[in-house]
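A.B. asks: Sequence:
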Amino acid sequence: MANASTGFYDLYRHGSLGVSLTDALDELIGDERIDPQLAMKVLTQFDRIIAETLQEKVKARLTFKGSLDTYRFCDEVWTFLIRNVTFKLDSGGQTVQADKVKIVSCSAKRSEEK
Numbered sequence: 001m002a003n004a005s006t007g008f009y010d011l012y013r014h015g016s017l018g019v020s021l022t023d024a025l026d027e028l029i030g031d032e033r034i035d036p037q038l039a040m041k042v043l044t045q046f047d048r049i050i051a052e053t054l055q056e057k058v059k060a061r062l063t064f065k066g067s068l069d070t071y072r073f074c075d076e077v078w079t080f081l082i083r084n085v086t087f088k089l090d091s092g093g094q095t096v097q098a099d100k101v102k103i104v105s106c107s108a109k110r111s112e113e114k
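In case it helps, our numbering puts the sequence shown at residues 1 to 114.
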């Protein structure tokens with residue numbers, strides 16, 4: 001899950017922004033406008049920038065409550081499946097409810113760096 005050469009996880013490639021970027025890069029490769037190596041460099045930069053930006057810029061906190069359905073710990077990655085979840089921003093904002101939520105949690109440092 002972590003990129004071996006950079007130490008950043010590729011989790012955010014599966015979000016809407018990452019999928020859009022990957023689709024655009026695939027189209028450019030298909031049209032022979034860029035090399036696959038350049039596309040991989042772009043994705044590696046994306047992984048790094050997303051991780052650093054979230055760590056530095058996002059200050060909001062929230063709490064959530066729900067029923068833990070399943071949990072798993074494999075290769076230094078926790079995965080939680082939670083049902084009937086209620087989220088509440090610590091700033092006193094509104095609450096949001098969801099039937100199912102999947103939370104994936106990775107160490108800030110890869111195991112080789114600890």
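No lab work stands behind these hints, which were simulated from the structure alone. Just so you know, not all the hints are guaranteed correct.
[What the hints assert, rightly or not] Okay, the calculated beta carbon distance ranges per label pair:
no., residue 1, residue 2, range
1, R33, K65, 24 to 30 Å
2, E32, S67, 27 to 33 Å
3, E27, R48, 32 to 38 Å
4, F87, Q45, 29 to 35 Å
[What the hints assert, rightly or not] Here are the simulated DSSO-like pairs of lysine-lysine, each with C-alpha atoms no more than 30 Å apart in a straight line:
no., residue 1, residue 2
5, K100, K65
6, K100, K41
7, K41, K102
8, K88, K57
9, K41, K57
10, K88, K41
11, K102, K88
12, K65, K88
13, K100, K57
14, K65, K41
15, K102, K57
16, K88, K100
17, K59, K102
18, K59, K41
All values derive from a computational prediction rather than experimental measurement. Note that the Cβ used here is the ideal one computed from N, Cα and C, for glycine as well.
A.B. asks: Now tell me, hint by hint, if it's right for this structure.
C.D. replies: Here is what the structure says about each hint:
Distance hint check: the CB atoms of R33 and K65 are about 49 Å apart, inconsistent with the given range 24 to 30 Å. Taken as a hint, the range 27 to 33 Å is violated for the pair E32 and S67, whose Cβ atoms sit roughly 51 Å apart. Range check, E27 to R48: about 23 Å between beta-carbon atoms, so the 32 to 38 Å window is missed. A C-beta distance of roughly 31 Å is found between F87 and Q45, which places it inside the suggested range of 29 to 35 Å.
Straight-line distance between C-alpha atoms of K100 and K65 comes to about 12 Å, which keeps the hinted pair within the 30 Å bound. With a C-alpha separation of about 34 Å, the suggested pair K100 and K41 falls outside the 30 Å cut-off, and the hint is violated. Of the supplied pair hints, the one linking K41 and K102 holds, its CA atoms being roughly 29 Å apart against a limit of 30 Å. For the suggested pair K88 and K57, the alpha carbons sit about 20 Å apart, so the restraint of at most 30 Å is met.
For the suggested pair K41 and K57, the alpha carbons sit about 24 Å apart, so the restraint of at most 30 Å is met. Distance check on the hinted pair: K88 and K41 sit about 37 Å apart at the alpha-carbon level, beyond 30 Å; violated. A distance of roughly 17 Å separates the Cα atoms of K102 and K88; the hinted pair therefore holds under the 30 Å criterion. At most 30 Å may separate the alpha-carbon atoms for a hinted pair to count; K65 and K88 meet this at roughly 9 Å.
Among the hinted pairs, K100 with K57 is consistent with the structure: their alpha-carbon atoms are about 27 Å apart, no more than 30 Å. Restraint check: the Cα-Cα separation between K65 and K41 comes to about 39 Å, which exceeds 30 Å; the hinted pair is violated. Under the criterion of a C-alpha separation no larger than 30 Å, the hint pairing K102 with K57 is consistent with the structure, at around 23 Å. Taking the CA atoms of K88 and K100, the gap is near 16 Å; set against the 30 Å cutoff, the hint holds.
For the hint linking K59 to K102, the alpha-carbon distance of about 21 Å falls within 30 Å, and the restraint holds. At most 30 Å may separate the alpha-carbon atoms for a hinted pair to count; K59 and K41 meet this at roughly 29 Å.
The structure fails hints 1, 2, 3, 6, 10, 14 (numbered hints given earlier, in ascending order).
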